[in-house]
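Participant: Using the sequences and the hints given, assemble the complete structure.
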Amino acid sequence: MGAYNTIAFDAEKCDGCGDCMTACATAKTGTTEISRSRIQIAGNAAEGFELALCRQCGDPKCVTVCPAGALGKDYASGVIDWDGGKCVDCLLCTVGCAYAGIALDAGTGHVAKCDMCDGAPACVPACPHGALKLVTTSRIYNEVGNWEDLFAPGLAGCQGCNTELLMRHTLRRVGPETVLATPPGCVPGMGSVGFNGTTGTKVPVFHPLLTNTAAMLAGIKRQYKRVGREVNALAIAGDGGASDVGFQSLSGAAERNEQILFMVVDNEGYMNTGMQRSSCTPYGAWTSTTPVGQGSGGMPSQGKTQDAKNLPLIMVNHRCEYVATASTAYMEDLYDKLDKAIQASKRGFAYLHVYSPCTTGWRFPTDQNMEVARKAVETNFVMLWEYNPRDGLQFTRPVDQPLPVTEYLKAMGRFRHLSPDQISHIQGKVVENLAFVKQMAQRQSA
Amino acid sequence: MTTAILETPNPTKPAKQKVVLCEGNEAAALGVALARPDMVAVYPITPQSSLVEHVAKLIADGRMDADIVDAEGEHSVLSVLQGGALAGARTYTATCGPGLAFMFEPYFRTSGMRLPIVMSIVTRDGITPQSVWGGHQDAMTVREVGWVQVYCETVQEVLDTTIMAFKIAEHHDVMLPVNVCLDGNYLSYGTSRVELPDQAEVDAFMGVKDVNWHVALDPLRPMAVDPLTGGSGGKGPSTFVRYRKGQCRGMQNSLRVIEEIHEEWAQRFGRRFAPLVEEYRLDGADYAIMTLGSMTGAAKDAVDEARDAGKKVGLIKIKTFSPFPVEALLKSLDKVQALGVVDRSVGFRWNCGPMYQETMGVLYRLGRHIPSMSFIGGLAGADITVGHFHRVIDATEGLLTNPAPIEPVWLNEKD
Numbered sequence: 001m002g003a004y005n006t007i008a009f010d011a012e013k014c015d016g017c018g019d020c021m022t023a024c025a026t027a028k029t030g031t032t033e034i035s036r037s038r039i040q041i042a043g044n045a046a047e048g049f050e051l052a053l054c055r056q057c058g059d060p061k062c063v064t065v066c067p068a069g070a071l072g073k074d075y076a077s078g079v080i081d082w083d084g085g086k087c088v089d090c091l092l093c094t095v096g097c098a099y100a101g102i103a104l105d106a107g108t109g110h111v112a113k114c115d116m117c118d119g120a121p122a123c124v125p126a127c128p129h130g131a132l133k134l135v136t137t138s139r140i141y142n143e144v145g146n147w148e149d150l151f152a153p154g155l156a157g158c159q160g161c162n163t164e165l166l167m168r169h170t171l172r173r174v175g176p177e178t179v180l181a182t183p184p185g186c187v188p189g190m191g192s193v194g195f196n197g198t199t200g201t202k203v204p205v206f207h208p209l210l211t212n213t214a215a216m217l218a219g220i221k222r223q224y225k226r227v228g229r230e231v232n233a234l235a236i237a238g239d240g241g242a243s244d245v246g247f248q249s250l251s252g253a254a255e256r257n258e259q260i261l262f263m264v265v266d267n268e269g270y271m272n273t274g275m276q277r278s279s280c281t282p283y284g285a286w287t288s289t290t291p292v293g294q295g296s297g298g299m300p301s302q303g304k305t306q307d308a309k310n311l312p313l314i315m316v317n318h319r320c321e322y323v324a325t326a327s328t329a330y331m332e333d334l335y336d337k338l339d340k341a342i343q344a345s346k347r348g349f350a351y352l353h354v355y356s357p358c359t360t361g362w363r364f365p366t367d368q369n370m371e372v373a374r375k376a377v378e379t380n381f382v383m384l385w386e387y388n389p390r391d392g393l394q395f396t397r398p399v400d401q402p403l404p405v406t407e408y409l410k411a412m413g414r415f416r417h418l419s420p421d422q423i424s425h426i427q428g429k430v431v432e433n434l435a436f437v438k439q440m441a442q443r444q445s446a
Numbered sequence: 447m448t449t450a451i452l453e454t455p456n457p458t459k460p461a462k463q464k465v466v467l468c469e470g471n472e473a474a475a476l477g478v479a480l481a482r483p484d485m486v487a488v489y490p491i492t493p494q495s496s497l498v499e500h501v502a503k504l505i506a507d508g509r510m511d512a513d514i515v516d517a518e519g520e521h522s523v524l525s526v527l528q529g530g531a532l533a534g535a536r537t538y539t540a541t542c543g544p545g546l547a548f549m550f551e552p553y554f555r556t557s558g559m560r561l562p563i564v565m566s567i568v569t570r571d572g573i574t575p576q577s578v579w580g581g582h583q584d585a586m587t588v589r590e591v592g593w594v595q596v597y598c599e600t601v602q603e604v605l606d607t608t609i610m611a612f613k614i615a616e617h618h619d620v621m622l623p624v625n626v627c628l629d630g631n632y633l634s635y636g637t638s639r640v641e642l643p644d645q646a647e648v649d650a651f652m653g654v655k656d657v658n659w660h661v662a663l664d665p666l667r668p669m670a671v672d673p674l675t676g677g678s679g680g681k682g683p684s685t686f687v688r689y690r691k692g693q694c695r696g697m698q699n700s701l702r703v704i705e706e707i708h709e710e711w712a713q714r715f716g717r718r719f720a721p722l723v724e725e726y727r728l729d730g731a732d733y734a735i736m737t738l739g740s741m742t743g744a745a746k747d748a749v750d751e752a753r754d755a756g757k758k759v760g761l762i763k764i765k766t767f768s769p770f771p772v773e774a775l776l777k778s779l780d781k782v783q784a785l786g787v788v789d790r791s792v793g794f795r796w797n798c799g800p801m802y803q804e805t806m807g808v809l810y811r812l813g814r815h816i817p818s819m820s821f822i823g824g825l826a827g828a829d830i831t832v833g834h835f836h837r838v839i840d841a842t843e844g845l846l847t848n849p850a851p852i853e854p855v856w857l858n859e860k861d
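Heads up: the protein sequence lines correspond to chains A and B, in order. The first sequence begins at 1 in the numbering used here and counts up one residue at a time. The second sequence begins at 447 in the numbering used here and counts up one residue at a time.
No lab work stands behind these hints, which were simulated from the structure alone. For each residue, glycine too, the CB sits at the ideal point set by N, CA and C. Hints may contain errors.
[To be verified] Quick list of in silico lysine to any residue cross-link-like pairs, SDA-like style, CA-CA up to 20 Å:
| no. | chain 1 | residue 1 | chain 2 | residue 2 |
| --- | --- | --- | --- | --- |
| 1 | A | 202 | B | 662 |
| 2 | A | 202 | B | 672 |
| 3 | B | 691 | A | 196 |
| 4 | A | 202 | B | 671 |
| 5 | A | 202 | B | 691 |
| 6 | A | 133 | A | 333 |
| 7 | A | 225 | B | 665 |
| 8 | A | 13 | A | 28 |
| 9 | A | 225 | B | 662 |
| 10 | A | 225 | B | 674 |
| 11 | A | 346 | B | 665 |
| 12 | B | 681 | A | 197 |
| 13 | A | 225 | B | 667 |
| 14 | A | 202 | B | 660 |
| 15 | B | 681 | A | 156 |
| 16 | A | 340 | A | 169 |
[Stated by the list, open to error] To spell it out: a stretch of chain B is covered by chain A in this simulated footprint if at least three of its residues, at any positions, have a beta carbon under 8 Å from a beta carbon of chain A; those stretches are:
| no. | segment |
| --- | --- |
| 17 | 528-535 |
| 18 | 627-640 |
[What the hints assert, rightly or not] Cβ-to-Cβ under 10 Å is the rule here; a few derived chain B residues that face chain A:
| no. | residue |
| --- | --- |
| 19 | 663 |
| 20 | 664 |
| 21 | 667 |
| 22 | 706 |
Facilitator: In structure tokens form, the structure reads like this:
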């Protein structure tokens, strides 16, 4: 399967210094002639700078237009290679590329293009402003792409939902020696346990009750341990069942340090049953049981009137083997945590809390899921951290200069009705929660 | 209060049975240990607590090799065992009263998933009024949920039945959870001489464990357990009916299996208990009183005294309450002209005892009318004495000549 690592460019950070071009020219031609650099920065300070660089496209036009077969996509590395032995110097490729990513190198008389320096591009560390970044998200895909997808195609999730992605990746990672519990909610609603005896899940899967997921898994895991078999006990549960009615069994299993990996997919409500409020629903949010209306006595109904329960922090206070928050907008971070959670679940209770924006219930366009998830992190509305009893709590993706929370709120219909007072309440809570978690991070790592 | 009435050991089986002196809760724990479960989950509640304490101690002392889960409540107790059973474990727990009420959600589901979990109910009255003492209200309240429920009369029967319960539950024609009901206070704390079967004999009796052949959560044979079914389309309705009918068939099969296993027990260990319905001095009786559980000891004493006084009374005791042993009971009822039924709980809907209510259904099948009445006694730990049973006998005799009262008789109303 292909790798799709790329060099990302943040135009706002670029001041046109040219250090990247010097670094590239040095690395690739042994000269400092920036005209021979394969990365080119164009533009000026007044109008801004642009990047001319090979994007290592998945569907490369340069390869398509080349009449000599001199360009080809290496599906192992993801890099588009140029073969000097075949090239006839026609330069058609330079016309075909929309990114000016391949150009004539006057020094050699042939075209030249970025080859990613074998995975460690010289230009990236050369940038003094952090405007260039090697985006290696594709590492995940490289690793797991060949692993068996343990769900058959056709999970019936809502359009734009990230939960199918989460389920497929998680199961791939955990592997076939797994018993999967999917308590009532979106996950079985998508058909994980199937209907009338037909299922698309390739590992043993079951509906626990909404209330007893952790307890049933504990029984399963213990029996396999008793007979000396290594079987993973995995839950993919919703926030409602975990934070409300199923909290007792969750807390009990965590206290007993049962060897379970318990993943909560937090879409901040009972979305499968029609978007009702849960204790994980944030303050001010519209849900079907905290609707917006004119109210009575001059007191309008303006969404949920309480703040969300912070379930992952409560789990930290169980001193679980591992607790982390994660977001599908940051898959590398999620994967690292998934790996740690799997390992931790061999020793005791591991808890992973993944935020799952709900296109249907939160009311945003179906192509905005990752953007909403990202904005939640960039505003510190959601914080990404991990905890284990030895190292304490640590931020994995600290956001030092958060966007105002309105950048997150305005992305969704469920917050459309908010009054200025409500918005300032939410902003205040973001600051307060951040301070609280920071304090915890310092205290526990001290 | 009744004390244990021991059967005479079979002289052909002098056996390697040890004799111990213990309370009913300990007898249940000893029975559990002999049945060798893999997993026990516990949560304490009066009057069950000493039972799970005994189990915990047996495990701590190495006299029982089982994984014990001290769960955070009865709801999780049963849920842990469901998981264990689905992974192939033989499983056990005990509860009562409010604990059983809290457990109800997974309780209902256990029979639907056909998991052969054994659970003692150390029966306790329902709250409120607040009370911690014995009564059958807890077990009666859940009688319509697809569990096999058997009631014990003596401490020895508690021990023996607890072992038999595993074999009944795991019988391939049954595959249903079983409650062994022992009366809170009267059997739980009643101490008596008990014969302890030999482990090797019990092992031979139990045979090979095969708990999850029909439904499993096992990566070696992956399946989706309990997928969504029902509704009004596709295979939904027929699939749902198939599951439900299967449960009903398992319940009906259990009547035969309970008889077979009690017979096998009698052959092997020399103690014979009536599996479904026990008749006591019923031959030649004009009328009968009907009992359940430990009250039967005092009732038998009263019947003996009444017989000595020339009254033509007999006794019918129910052991297997769920499924209700309709055919067996019909045969007994066919021998009498009047019936008095003594319950240790109330049926709020019919203003009578629940066992009386069930029996009325059987009486309808008898094809002839016999007068009957309901007695309610022993609620919340109250004693049903031989004196009380003489009142029951006299009132039931009165049915032969007087019209039957509609209202139940509350035996402890003026105690």
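Participant: Are three or more residues of the segment 627-640 of chain B within 8 Å, CB to CB, of chain A?
Facilitator: violated (count 0)
Participant: Regarding the hint that residue 706(B) lies at the interface with chain A, is the smallest CB-CB distance below 10 Å?
Facilitator: Residue 706(B) check fails; min Cβ-Cβ to chain A is 29 Å, beyond 10 Å.
Participant: For residue 13(A) and residue 28(A), compute the direct alpha-carbon distance and say whether it is at most 20 Å.
Facilitator: Cα-Cα ~25 Å, so violated.
Participant: Compare the distance between the alpha carbons of residue 225(A) and residue 667(B) with 20 Å, and conclude whether the hinted pair is satisfied.
Facilitator: Holds. Residue 225(A) to residue 667(B) sits at ~18 Å (cutoff 20 Å).
Participant: Between residue 681(B) and residue 156(A), does the CA-CA distance stay at or below 20 Å?
Facilitator: Distance ~19 Å between residue 681(B) and residue 156(A) Cα, so the pair holds.
Participant: CA of residue 225(A) to CA of residue 662(B), is that 20 Å or under?
Facilitator: holds (16 Å)
Participant: For the pair supplied as a hint, residue 225(A) and residue 665(B), is the alpha-carbon distance within the 20 Å limit?
Facilitator: Holds. Residue 225(A) to residue 665(B) sits at ~14 Å (cutoff 20 Å).
Participant: Tell me if the straight-line CA distance from residue 681(B) to residue 197(A) falls inside 20 Å.
Facilitator: Cα-Cα ~9 Å, so holds.
Participant: Within 20 Å, alpha carbon to alpha carbon, are residue 202(A) and residue 662(B)?
Facilitator: holds (14 Å)
Participant: Does the structure keep residue 691(B) and residue 196(A) at a Cα separation of 20 Å or less?
Facilitator: holds (16 Å)
Participant: Below or equal to 20 Å on CA atoms is what counts here, so check residue 202(A) against residue 671(B).
Facilitator: With a Cα-Cα distance of about 12 Å, the restraint between residue 202(A) and residue 671(B) holds, given a limit of 20 Å.
Participant: With a cut-off of 8 Å between beta carbons, are at least three residues of the segment 528-535 of chain B near chain A?
Facilitator: holds (count 8)
Hint check: violations occur at hints 5, 8, 10, 18 and 22; the rest are consistent with the structure.
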